[in-house]
Amino acid sequence: MSTTTPGSEADTATVTLANGLTCDIPASSPLAKLLRSQRTWVGPSGKERLGILRRARSVAIVGASPNPARSSYFVGTYLQQSSDYRVYFVNPNATEILGQPAYPDLASLPEVPDIVDVFRKASDIPSVMDDALAVGAPTVWVQLGIWNEEAARYGESKGLTVVMDRCIKVEHARFHGGLHLMGFDTGVISAKKQQR
Amino acid sequence: MADRDYGFRTRAVHAGNVPDSATGARALPIYQSSAFVFDSTQDAAARFALQKYGTIYSRLANPTVASFEERVASLEGGLGAVATSSGLSAQFVTFASLAGAGDHIVASSNLYGGSITQLDVTLRRFGVETTFVASDDPADYAAAIIPGRTKLVFAETIANPSGDIADIAGLAEVAHAAELPLVIDSTIATPYLCRPIEWGADVVVHSATKFLGGHGTTLGGVVVESGRFDWSNHNFPLFEETVAHYGGLTWYGNFGEYAFLTRLRAEQLRDIGPALAPHSAFLLAQGVETLPYRMQAHVDNARRVAEWLEADPRIETVNWAGLPSHRHHARAAQYLPLGPSSVFGFVVKGGRAVGQGLIENVTLASHLANIGDAKTLIIHPASTTHAQLTEQQLVDGGVHPGLVRLSVGIEDADDIIFDLDQALDAALKGASA
Chain A
1 MSTTTPGSEA DTATVTLANG LTCDIPASSP LAKLLRSQRT WVGPSGKERL
51 GILRRARSVA IVGASPNPAR SSYFVGTYLQ QSSDYRVYFV NPNATEILGQ
101 PAYPDLASLP EVPDIVDVFR KASDIPSVMD DALAVGAPTV WVQLGIWNEE
151 AARYGESKGL TVVMDRCIKV EHARFHGGLH LMGFDTGVIS AKKQQR
Chain B
1 MADRDYGFRT RAVHAGNVPD SATGARALPI YQSSAFVFDS TQDAAARFAL
51 QKYGTIYSRL ANPTVASFEE RVASLEGGLG AVATSSGLSA QFVTFASLAG
101 AGDHIVASSN LYGGSITQLD VTLRRFGVET TFVASDDPAD YAAAIIPGRT
151 KLVFAETIAN PSGDIADIAG LAEVAHAAEL PLVIDSTIAT PYLCRPIEWG
201 ADVVVHSATK FLGGHGTTLG GVVVESGRFD WSNHNFPLFE ETVAHYGGLT
251 WYGNFGEYAF LTRLRAEQLR DIGPALAPHS AFLLAQGVET LPYRMQAHVD
301 NARRVAEWLE ADPRIETVNW AGLPSHRHHA RAAQYLPLGP SSVFGFVVKG
351 GRAVGQGLIE NVTLASHLAN IGDAKTLIIH PASTTHAQLT EQQLVDGGVH
401 PGLVRLSVGI EDADDIIFDL DQALDAALKG ASA
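Taken in sequence, the protein lines are chains A and B.
Residue numbers for the first sequence follow my numbering, so the first one is 1 and each next one is one higher.
Residue numbers for the second sequence follow my numbering, so the first one is 1 and each next one is one higher.
In case anyone wonders, no lab produced these hints; they're calculated from the structure.
There could be a bad hint or two in this list.
Stated by the list, open to error - Facing chain A, according to a computed beta carbon distance under 10 Å, are these residues of chain B, among others:
# : residue
1 : Gly24
2 : His245
3 : Gly248
4 : Leu368
No residue lacks a Cβ here, since even glycine has one placed at the ideal position from N, Cα and C.
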């Protein structure tokens, strides 16, 4: 089993070696890449991800940062301005992010979020799964560059819908025109009008 | 949205063109607007900081241009694309994004003349040195790589007028062994005949002016990237340096696999400026809708014409890799199983005088400096497209003084052959008179 975290939030990967010991190695190293190629967990398909995003009305960003250079800040800005979701920020060390209060934990939110979007290191994912289960949130969305297969399987065994190593901003933009506008291949082939 | 891998012909017509949400327009709307209003100051700030997707100014992104970009990206099997005002500007923004003063490029010597001068004259003046490899062996490209200085390896899928085929998989192996991207100009092949990304290329550039647009009406270029190259490797520190102009982000840290194309748009289009015009994007996207049908007709006609020329006693050689006599026949069968496009050279017996006479006497083939039109085009490279090259560069590029370049169109093959036949007769009469 291997776990990786992205360069922007942390730049090491925790890997389990053949002798059973674990160690942290750079996420860009050949070993980390080899382990990436050995992934076995497969998440929801494009159509299923679109369904998750369409059904949701609220998103809580766990591990949200008030630092404008962080990926979570980009995602927060995008969701606030380019989606119809109610967006909440969870960070026990912050008081305000993007003009909204920062909550210490999922239990403190004014509602149960439909999607718990996670910017935390891979080894923290199981505890976030437990927090999501405790409040009754149906979906845990683990952000791009973060991978923990064991945690994903654990969450699914408890009834959670799990998306992993995907950016919610990119996926939302894939189906709502933003990615298209920047010249990326969205994979969307449709004779129906674009949704906002 | 159906969970289906749609076929090439379906994507040629539909990719990038979901009906407009405001009007439901089924054809691609032409957004002929230099700039776009913001919703609020907060919205403007977020767009400028790249924190959300949105139009600002058509040099950076335009909805009509985006449709063409996504369509080509889909057909090439790339992550995305950035369109430009010409093929040469597509190349230039790519080179400018990866190499700076003191850096080095390894390129085939068998390139389009304009590509050679871009590298050899302008980029060299800017401090970027290029080694041109006069060989089709990837090992010779490997030998030309200077560790720490080389930033990319560059070749054309199908060179013209030599008709040579790049060993894309071999070049990708060489480039990747040195942690460098392989950039392939696939203008002549188009994604219908060859998708370089499937063979290991990292960046594909096109002059869309040619077969993609297909009708000789519109200049344009496009850069497609695979999304697979690791831009965080030590050869490309710019991708991990803090970018002050965009609020302290890092291209790789914030955009991951999207880093190269996001930076190409937000930095190279911003600073260099060769944006594709919306009306041009409409014409090019329209052309791409029939790309599969046109390319099939082009290669079918090219086969007829090349076989006829090769069997004709007035002709010395024919450089079409679809012929068993071409040195890259096996490579063409591997990389371009449907046929190696329809642009090739042939050498007439009697040299320069007969070659020029042929061009003076054709009445269906158009004498002009372009390729990849629905119409058959003909030119004498040594006196036109390659005239600015030295004798040695001509020989390296495989340009014989009596060589004529043909871009076989989609007219009736019998009519193209009739025209060449009568013009050859007239040329020989003129030469002997």
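Exercise for the section: Sort out which numbered hints this structure fails and list those numbers smallest first. Expected result: Result: hints 2 and 4 break, sorted rising.
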